Amino acid sequence: MGETTLVSGQAVIKISGLCKSYKKKLAVDTVALTVKRGEIYGLIGPDGAGKSSLMKTIAGVMSFEQGSLEVFDVNVDSEAAAEKIKGRLGFMPQGLGLNLYGDLSVEENIDFFAQLRQVSPQQLAERKEKLLTMTWLDKFRDRPMKNLSGGMKQKLGLICTLIHEPELVILDEPTTGVDPISRRNFWAILAELLREHGITALISTAYMDEAARFHRLSLMFNGQILTSGEPDVICQQAQGYLVQLTAEPQLEALKLLKVRYPQIETIGSRIRVFVNNISPDEALKAVSGQLIGVEIKNIQVFDTYLEDAFINLLRKDPLADQSIKEAIIPCFDNPLPDNQGIAIEAKQLTRDFGKFRSVDHINFSVRQGEIFGLLGANGAGKTTAIKMLTGILPPSSGEGTVAGADMRFAGQLIKERIGYMSQAFSLYHDLTVMENIRLYASIYGINRKIIKQRLAWVMQIAGLAGVSGQLAGSLPMGIRQRLALGCALVHQPVVLFLDEPTSGVDPVGRRHFWDILVHLARVEHVAILVTTHYMSEAERCDHLALMHAGRVIADDSPANMIQALQNEAGQMLKITTDSPSEALSCLEQANIKGSGLYGRHIQLLALDTETVENQIRVLLEKHSIKLISLEARPPTLEDVFVYRVLELENRDQA
Amino acid sequence: MNRSALLLWLDRIIAMTIKELKQLIRDPVLLLIIAYFFTADVYMAASGVTLNLHNAPIMVIDHNHSSASRELIYRFREPYFDFKGEISNKNEAENLLNTGKIVAVLDIPENFQSFLFQGKQAAVQFQVDTSNTTLGTLASGYATEITNDFGQDFVNKRLGLTDEQMDAAPVIQNRYRVLYNPNRIDSWFMSISELMTVITMLSMMLPAAAAVREKERGTIEQLAVSPLSSLQILLPKVISMGLVILLGVAFCLFVIIIPVFHLPIKGSIGLFFAITALYVFSASGIGLFIATISHTLAEVTLLVILLLFPLVLLSGAWTPPEAMPPVIRWVMTISPLYYYTEMSNAILLKGAGINIIWGSLTGLTALGGIFFFFGVWRFRRQFG
Amino acid sequence: MNLTRVWAVAYKEWREILRDRLFFTMAFMLPTVIFLLLGYGISFDVEKIPFAALDQDRTAMSRDFLHRFIDSRYFDYKGDVSSDRYLDPLLAHSDIRFAIIIPPRFQERLLAGQSASVQSLIDGVFPYRAEVAKGYVSAIIANFNAQSLARHFGAQLGISREQALIQVSPVRLESRYLYNQALRSQWSMSSGLVMLVLMVTPPFLTALGVVREKENGSIYNIYASSITRSEFLLGKFLTYLLISCLNILILWWLVIKIFGTPFKGDPIFFYAASVIYVICTAGAGLLVSLVVRTQVAAVMLTLVISFVPAWLFSGLLVPIQSMPSAPKIESHLFPTLYYLRITWGSFLKGLGWAELWFDVAALILYAIILWVIAFLNFHKRPAE
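Here the protein sequences line up with chains A, B and C, keeping their order.
Residue numbers 1 to 654, in our numbering, belong to the letters of the first sequence in order.
Residue numbers 1001 to 1384, in our numbering, belong to the letters of the second sequence in order.
Residue numbers 2001 to 2384, in our numbering, belong to the letters of the third sequence in order.
Because the hints were derived from the structure by calculation, they are not lab data.
Predicted, not measured: the structure shown is a model, and the values here were computed from it.
Check the hints yourself; a few may be wrong.
Said to hold, decoys possible - Computed list of lysine-lysine pairs in DSS-like fashion (alpha-carbon distance at most 25 Å, straight line): (1) C:LYS2328 to A:LYS24; (2) B:LYS1084 to C:LYS2328; (3) B:LYS1101 to C:LYS2328; (4) A:LYS25 to C:LYS2214; (5) C:LYS2214 to A:LYS23; (6) C:LYS2214 to A:LYS146; (7) B:LYS1022 to B:LYS1215; (8) B:LYS1266 to C:LYS2214; (9) C:LYS2214 to A:LYS84; (10) A:LYS449 to B:LYS1022; (11) A:LYS25 to B:LYS1215; (12) B:LYS1022 to A:LYS452; (13) A:LYS316 to A:LYS347.
Can you make the complete structure from the sequences, with help from the hints?
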C-alpha cells in the first residue's frame, strides 16, 4: 500500500531465536522477526509450516521453549508478562468461527467481545453499526451464529476481534472461506483502521493475491522463515517469468515441458509454465525451443504472480522441493465429450428455514465427467443446495436426480455412488489419518483383496504419505482438507460433491488438489459439483452457476461469463498512482462509478475505455496526483463475480 | 439378505466398532475413570460400609449407680452400641444429641434396682435422635431387645431358672436361618449393588456420549451421506461400550469382589454375563434415545442424570423395594435395573438357573428391545 | 477484579443457557424432579416383607401365632405351603423374603409347658433387610413368649396375668423419639435429599463449562484478552451459582409444602450455609472442567465425585458412626457429611450458628481449597 509513511520505525513485535515444540515435534524453529508499528505483516507458507503456532505464541496464548519475544516492548517470557500485552491486541484463531458462540446471535457475540474488552456502550454501538454494515452482516444480526455460513462466521469473527480497536491484530487465515467481495471489504476495513488508528496487523493467508496487500511478509516452511521482505522484492527473488501458451497436441507439449520445468499447470486448453530466466525474451525463447514438433498456437510472457514466486521459493528448500515435485502432476486435459449422461440434475429445488428461504427454485444439471462450479457470496445458499442433493437435508419442494436415481426415493442407492466433502471438517479428530481412511473404506464395503491397494491410492492421490500415523485433529487445516477428500474418494464415487474443499489449503496443495479433480473428471468420468471462493479455481471449472440469495443468477462457462461482462460493462482499467486513496476519493467525487481500491491500484470497469482514460488523466492532473500507469485489461472471473453480485445487492437495497 | 450382503453388513459393524474403541483409547482420562469405577469405587463401597447400625455412640445418665444399672449399661455395647461414658444431666445430653456426637441417651431412674427387687416394673428412658428415622428406629429396636433380654435374665436368675429349665417353659425357641448370606456380610450386597450402579451409569452415558459427539463435531454429516443405516451407526456404539463394560465387570468380579470380599458364586457365571450383556443393551437403548433428542453433551448429561438417579435408587438395588409406595413400585416394573438386580442376586448368591429367572429375563429382554429400537427409530427420523 | 469483565462472561453464559431450551429447562427441572421422585420413592423402612408359612400343626394356637405376622404391617402374607420343598423356589425367586415353619405338636407342647421351636428362613441377600426382619421376628416371638410365660407362671404362682406379665418382663424401655416424634421417615428423607440433590445436580451444570470452550476453541477469546483468571472463573460460575441458589429455595419450599416437614431452625443461617455448600458442589464441577480434556471425561469424573459421596459417605444412607476408620475418614473428606448435619439440624433440630458453626467452617474451608486448586489449574498461556 502507498501509505508507507505510516510505518514508523518503532517495532511492535520483536522476535529472535524463537522455538516452540509439541512433544517431540518442532513447530517453530529459531524464528526471528520484527514487525513495525503501522505495518500489515504477512505470514505465508504451506500447511503445517508453523504459522499458527508462531501466531499463538506472539498473541501470548501459548508458551514457548526458547528464544525471546517482545511485544509492545514487553518481554513476553511468562504468563504474567503475557497478560500485560493482551489488552492491546486482538487475536483471531484459525477455523471457521470456531471461537464464536454458536447459540448466541451475531449481535450478542459482538456484545460479549465488547464487554470482555470493556468497550463503552456508545463506542460499541457506533463501531458495531459500522462493522456490520461493512461486512453486510447487518441483516443477520439476530441470527444465531451456528446458522451462518462459513464465510459469514469468519466475518463475524473479524468484527469481534476488531471491536475494541486493538493496536495489534493477529489474524490467522481470516479470509479463508470468505467470498471475493467480502474479502475486498475485509481489506478495506483493515486499511481504514490502519489509516485511522495506526493499527499493526500480523496476518496469515492462503490467498496469494492477498499477499500482495502486505507491506512486508515472511515465507515460512517447516517451522523456519525462508525469506522475508516486501511482496515485490519477494516476487523478484523468484527471478523468473510466467509463460502461457496453447499448443496442439497438449499432452505432447506437457510431456516435453515437464522434463525441464517442474512448475507447470494447465487451465483448460492453456498451459502455464514458470521459467527461471533473466529476461522475458529469453524465457519465451527457452520455452519455444523446448517444444519441438508441437504446434504452438499462442504464447505470451507475464511477470510472475506471488503465487508462482511462492512455489518457486519453496523449491529452493530441498525438503520442500521434494514435496512439490511429488505434488505437481500435470494431467491430460482432454475436452469434455458431448455424449456423457446427466449425473446431477436439480429441478426447482427449494429449501426454507422457517421464514427464511435459503434456496429458491434452483435448476441446473451436471454431466458425467464435468466439473461444475457453484459460486456465490457467503450465505447465497450453496451449501444448502449441496446438502439437499446429498440427501442430508430434505428439500422443501422440488426434485433432483443424482447418479441416475431420484433423490427422493433412492437415497440408499445414491449414497453408495457419491462422495461428499463438507465445508466443516467432519472426520474424526481422535483417529489417525490412516484410521479415518480405513474406516471409510470399510463403510463403503471395499473388497478386502483390493483394500490395501486402494488405501495406497488414496494416500498418494491426496498427498498424505508423510502423515498417515498422525491424529487428524493435530493436522493443519490444509492437510485435513486433503484427508477429507481422500475419504470422499475411497470408494471411487461417480459423483463428487465438494463444499469449499480448498478453503485454507496452500497454493501448492490447491494446485495439486485441482489436478486430482481434473484427472477424476476426465479420466474416471466423475461428475464433480464444487464450490469455491478462489476465482483461479473457478476458472478451471467446465461450467459455472452463480448463486445469489438462493437463486441461480448466471449459468454458463467461465469464458462466456467473462465475455458477457465485457460486452456489458467493458474492460477493466487499472490505475496506479502515488497516493491511491486520495486518487480514489477524487474519482468518487467526480462520479466515476464502480471504482475500487485494489492493493496499490484503483480498478474500474469502463465500456468506453478511451473517454474514461482521458477523463481520469485530466482529473488526476487537476488534483496534482501523479499517475504512474494506466492500463486496460479484459475482466477476470473475479470481476464477473464482484460485478454481478454487487449489481444485485445494489438493486435489492434500492 | 444373501451371504455377501450379510458379510458387508458385518464388516461395517466391525469397522464402526473398532472406530469407537479406538476413540475411547485416545481418551486416557476417560479410560482411567472407567477403570476407577470398576475397581476403587466398588472396593470403597464394599469395604466397611454397612447399612446396618453398628457401634452407635450412646451415653448414659445413671441416677441409680447400682450393680443392676451397671449390668444393664454393660449390655449396651458392640456390635450395636458404643458406650461413650456417663453424663450427669439432660442439658448436656441434649447438646450432644444436637451435634450428632451421640445417637441416644439411656436414662436410668434412681429406683431402678429397688423396683427390680420389689418385683415392680422399672421404666428406663431411651432418648433417641430420630432426625434420621431409619437409624433412630433401629437403635430403639436394638435397645428394646437388649432391655428385654436383661429383664428376662434377671427374672430367670431371680426364679433360679437355668437354661435347661427354660426348655421346660412354654416358650417358642426361635431357630432362624439366614439364607444365601448366612453371616449377613454387607460387602457382598454393597459390592453387587455398587457394581450394578456403575454398570447402569456407564451403559447409559458412554454410548449416548459417543452418539451425541458425532452430532456436536459434525461427523454425523459424513456418516449421513454414507450408505450406513441408522442401526449400523448406533449398534457399534453399544457393542463397543458394552464390550468395555463387560470387561470391566469381569475384572471387578474376578479381581475385586471374589478375591477381596470372598463372594461365593453360586450360579453360572456365564449366565450372569449373558444377562449383564442384555442389561447393558437395554440401558444403552435409553441412553441412545436421550442422545437423539439432545444436541449437546450437556443436554445428554442432564437427561441421563434425570433418569439415572431414580433408576438406580428406586429399583431395589439399594433400598428394600417392598416398602415403596404402590405407584413407584408400578413404575419400577418398567425399569430394566429392577429385573437385572433380581436376576443377578438370584444367579450370584442364590444359584438360580434360567428356570428360575425366566420371568425377569423376559421382562428385561422386552424392555431392552423397546428402548433400543425406539432410539434407532428416532435417530433414523433425524438423519434417515 | 474488574466487574465489567466478570459480568461479560456471566451474561454470555446466561444467554447461552437461555438459548438452549432443553438445558435451561433441565437446569431447574432436574433437581425438582429427582427430589420429588426420590422423596416419594426412597424409603429404608423394612415393611411388607413378603412371607409364606408352613403350618404343620394347624391348631388354634399355631394360627394365633401366625396371625401375629399376618396382621403386622411389617409382613405381607403371601400364603401357605404344604411342604418345605416349596419354600426354596419361592425364596430363590424372590416371591417371598421370609418363611416361617411351625412344627407339628406346637400347641400340644406349649400347653404342656414345654418349649416349641419355630424355624424362620430369611433371605440374606440384602443383609440390612435380613437384620431388621430378624429383629421383627424376635420381637413378635418375645411378645408371644412373654404372654405365654405370664399365663404359665400366673397359673403356677396363683397371681393375675397382669402381675405375671410384669414378673416376666421387669424392665420396660421407654423410647423417646427426639426431633421427629411421629417417626415420619419422609421428614428425614425429604430434608436429607436436599443434600443429595444439591450434590448431584449443580456440578453437572458447570462440569462442561470450560472443557467445552477448550474443545471448540472459543477459550482463545479468553486467553487472548486481558480478563484475569479469577475474573473468568467467577464469571463462568456466577450464572450456575444463581440457578443453584434458586434451586435451593425451590427445594426448601417443596420439603415444607409437599412433605410437610417442619423447619425449626434459622432460615438465614440455613440459606447462607446452603449457598456455601452449592459453591462447593458447583465449584467441584468447574474444577473437573479445568483438569480434563474431553467433555465425556468431565461428565464421568463428575459422577465419580458427586454420586458416591452423596449416597454412601454422607450419613443419609449409611450410618457414619458404624464405619470402620478408613471409610470414616473418607466420608469426612466430602462436604456432604457436614451439610447433612446442617440440613437435619436446621429442619428437624432447630439449630443455628451456635451449634453448627463447625460444619459451616468445614464447608468454607472446602470451598477455599477447591477454588485455590481451580485457580492454580487454569492457565491463559498453556503449552499446547
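If you test the structure against every hint from before, which numbers come out violated? Hints 1, 8, 11 and 13 contradicted; others consistent.
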